[in-house]
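This is what each chain is made of:
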Amino acid sequence: MVFVQQVFTRADFILKETLTGLRRGGWMNWAAVSTLVILLFLFGFGTRLSWQLQNAVATLGSQLEVSVYLTPEASGKKLMQKVETLDGVQKVTLQTKKDALSQLQKEMGLKQDLTQTLEGNPLVDSLRVKVATPEQVTTVAEQLKAVPGVAQTRYGGEAANRLIQIDKTVRWIGLGVTGLLGFTAVAVITTTIRLVVLSRRKEIEVMQLVGAAPIWIYMPFLLEGLTLGLVAAMIAWGGLHYTDQFLAQQIQVNVPFMVLEISEEQANLLPWILVGSGVGLGSLGSLLAVSKYLR
Amino acid sequence: MDVPSSSRNLRSILSSLTEARPGERAFATKEVSSVLMPQGQTLALSETEKVIAYLHKVTKTYDKQGRSLSIDLDIRQGDFLFITGISGAGKSTLLKMLYGEEKPTSGEVVVDGTRLNKLRGHSLSCLRRRIGVVFQDYKLLPRRTVAENVAFALQAQNFPKAEIRRRLLPTLKIVGLEEKAEHFPEQLSGGEQQRVAIARAIVHTPVLLLADEPTGNLDAGNTWSVLEILRQLNDMGVTIVVTTHDETIVQTFAKRVVTFEQNQLVELDVR
Ligand SMILES: Nc1ncnc2c1ncn2[C@@H]1O[C@H](COP(=O)(O)OP(=O)(O)O)[C@@H](O)[C@H]1O
Ligand SMILES: [Mg+2]
Numbered sequence: 001m002v003f004v005q006q007v008f009t010r011a012d013f014i015l016k017e018t019l020t021g022l023r024r025g026g027w028m029n030w031a032a033v034s035t036l037v038i039l040l041f042l043f044g045f046g047t048r049l050s051w052q053l054q055n056a057v058a059t060l061g062s063q064l065e066v067s068v069y070l071t072p073e074a075s076g077k078k079l080m081q082k083v084e085t086l087d088g089v090q091k092v093t094l095q096t097k098k099d100a101l102s103q104l105q106k107e108m109g110l111k112q113d114l115t116q117t118l119e120g121n122p123l124v125d126s127l128r129v130k131v132a133t134p135e136q137v138t139t140v141a142e143q144l145k146a147v148p149g150v151a152q153t154r155y156g157g158e159a160a161n162r163l164i165q166i167d168k169t170v171r172w173i174g175l176g177v178t179g180l181l182g183f184t185a186v187a188v189i190t191t192t193i194r195l196v197v198l199s200r201r202k203e204i205e206v207m208q209l210v211g212a213a214p215i216w217i218y219m220p221f222l223l224e225g226l227t228l229g230l231v232a233a234m235i236a237w238g239g240l241h242y243t244d245q246f247l248a249q250q251i252q253v254n255v256p257f258m259v260l261e262i263s264e265e266q267a268n269l270l271p272w273i274l275v276g277s278g279v280g281l282g283s284l285g286s287l288l289a290v291s292k293y294l295r
Numbered sequence: 001m002d003v004p005s006s007s008r009n010l011r012s013i014l015s016s017l018t019e020a021r022p023g024e025r026a027f028a029t030k031e032v033s034s035v036l037m038p039q040g041q042t043l044a045l046s047e048t049e050k051v052i053a054y055l056h057k058v059t060k061t062y063d064k065q066g067r068s069l070s071i072d073l074d075i076r077q078g079d080f081l082f083i084t085g086i087s088g089a090g091k092s093t094l095l096k097m098l099y100g101e102e103k104p105t106s107g108e109v110v111v112d113g114t115r116l117n118k119l120r121g122h123s124l125s126c127l128r129r130r131i132g133v134v135f136q137d138y139k140l141l142p143r144r145t146v147a148e149n150v151a152f153a154l155q156a157q158n159f160p161k162a163e164i165r166r167r168l169l170p171t172l173k174i175v176g177l178e179e180k181a182e183h184f185p186e187q188l189s190g191g192e193q194q195r196v197a198i199a200r201a202i203v204h205t206p207v208l209l210l211a212d213e214p215t216g217n218l219d220a221g222n223t224w225s226v227l228e229i230l231r232q233l234n235d236m237g238v239t240i241v242v243t244t245h246d247e248t249i250v251q252t253f254a255k256r257v258v259t260f261e262q263n264q265l266v267e268l269d270v271r
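Keeping their order, the protein sequence lines are chains A and B. Per the numbering used here, residue 1 is the first one in the first sequence, and the count goes up by one each step. Per the numbering used here, residue 1 is the first one in the second sequence, and the count goes up by one each step.
Among the clues, some could well be false.
Calculated cross-link-like contacts (lysine-lysine; reagent style DSS-like; alpha-carbon spacing at most 30 Å) [claimed, not checked]:
no. : chain 1 : residue 1 : chain 2 : residue 2
1   : A       : 202       : B       : 50
2   : A       : 168       : A       : 77
3   : A       : 292       : B       : 103
4   : B       : 180       : A       : 292
5   : B       : 64        : A       : 292
6   : B       : 57        : A       : 202
7   : B       : 96        : B       : 139
8   : A       : 202       : B       : 118
If you are wondering where the hints come from, they were derived from the structure by calculation, not from laboratory data.
I would like the entire structure built from these sequences, with the hints used as guidance.
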């Protein structure tokens, strides 16, 4: 019972000291929180973008279809039989240039005959080749390229490779930016807490002299840094949530075929990553501020 | 003049504080309560009296000066010891070594069984809870009231709330400041501030009380009342070490006197 009571006395003593500290920090608190918010926002944004790209890569990579575009003079009908015999090919469907043009015409909502406007059909025949397993996609695509009359092949893996490159770039830039900002954020927090420590050095001196344990003396400052980190993480998450909705709308309207999604687990994980980083950086900053006295 | 309550009153207050609860420290120990006797009578402290703190073959040199203090001193339980010497002699330095604020250059400092030479962090704070210090410059917190200043020491030492409440008023009564509990230090006279500092130093019932020039800035009346408080505490069994450069008060109150002569601490014969 006595112990429980002590913990409570302690708790409200320390909470009171923490609040006093936050009050004395004044505008410096906001400097620290803003830096952290910017850092955490960019960090969260980068992380989410990276996840989206990775998910897109996974989706594209698992596509089993190869699109084959023929040269203008080649005939799809003739090539189809040859392609069907290739190893790993499961099914081949043909889209003639005539079909392609009428589909285009329909999509564009045009009434008149495009062949007249364009003086002939500029499109080519194409084949949709369904491959049996994901591992065979690349080899089938390579073989198809070598077939006479084939101009171009397209498959998900290629796009995936490009997305992997983008993801790599995003991650490197993210690492650089967050590293730099992380350094700044910790420096600002350390300065903030150090100012508060300085404004309270008389109290600290008396506490030391009357025998307060060092950990209790510095706990309020650690809690202060932690609070700054927590507040910043919540603001950053709010901002991220809002921009996410906004971007999703924009994408829906402007580029509906683009699928950039994160899984539910990732969506749930993101706020915790932000809180963890915020609290971690906040505590690190205050630990650095008081480390000199803790020894 | 604001001299504290009569000595009988003081005694009953002190006794209430010394009722030891299980597992708690108290002013009076068995040996000491047996030497409690009417005022004015000298105490025959035998040489076998328990040594509660000592400095053995201690030297202290500050880098800038070539000067080096040398100190050999046993502080015995129940002592009312005066450390005298001119300003700059090294009195504060000696006290600081006893509460671990300064480290000796060589030699050994032991207080209540704990060696202080390399003590720091948590162990140092544990030792400081067993002693009380009245600082030369008081070190009161300006933005806290008298009561808060005194309670601050208990809060810092992790005392439960109920215990803080129980100790606060009796302690303020000992120093005669119960009426000024809600005042801020700047609203008090020098003598009153000094007594707040004493209250804060004794509120946790230390076994050893160190007072650095507690009468240095006070007039005759306040000097007398502060020393009277210290004497009452000493009668209750608190070992007291006081520094002063005022030779006249030494005669009236000291049981033992040591002084700095040419950087060397020597004991004077008071009887
Ligand atoms: N931190 C310090 N650095 C250097 N010299 C000091 C320091 N503190 C005290 N001194 C010197 O040590 C001597 C003793 O000081 P002090 O113990 O304060 O004397 P007293 O309390 O007897 O007046 C003085 O000469 C003083 O100048
Ligand atoms: Mg001094």
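Hint-by-hint comparison with the structure:
1. Our distance criterion of 30 Å between C-alpha atoms is broken by residue 202 of chain A and residue 50 of chain B, whose separation comes to about 36 Å.
2. Under the criterion of a C-alpha separation no larger than 30 Å, the hint pairing residue 168 of chain A with residue 77 of chain A is inconsistent with the structure, at around 42 Å.
3. For the given pair, residue 292 of chain A sits about 19 Å from residue 103 of chain B by alpha-carbon distance, which is consistent with the 30 Å threshold.
4. A hinted pair counts as satisfied when its Cα atoms are at most 30 Å apart, and residue 180 of chain B with residue 292 of chain A does not qualify at roughly 38 Å.
5. Distance check on the hinted pair: residue 64 of chain B and residue 292 of chain A sit about 24 Å apart at the alpha-carbon level, within 30 Å; holds.
6. The straight-line distance between the Cα atoms of residue 57 of chain B and residue 202 of chain A is roughly 33 Å, outside the 30 Å bound, and the hint therefore fails.
7. In summary, the hint linking residue 96 of chain B to residue 139 of chain B is supported, as the alpha carbons are separated by about 14 Å, within the 30 Å threshold.
8. Taken as a hint, the residue 202 of chain A and residue 118 of chain B pair is honoured in the structure, with Cα atoms around 24 Å apart against an allowance of 30 Å.
Hint compliance for this structure: hints 1, 2, 4 and 6 are broken, all remaining hints hold.
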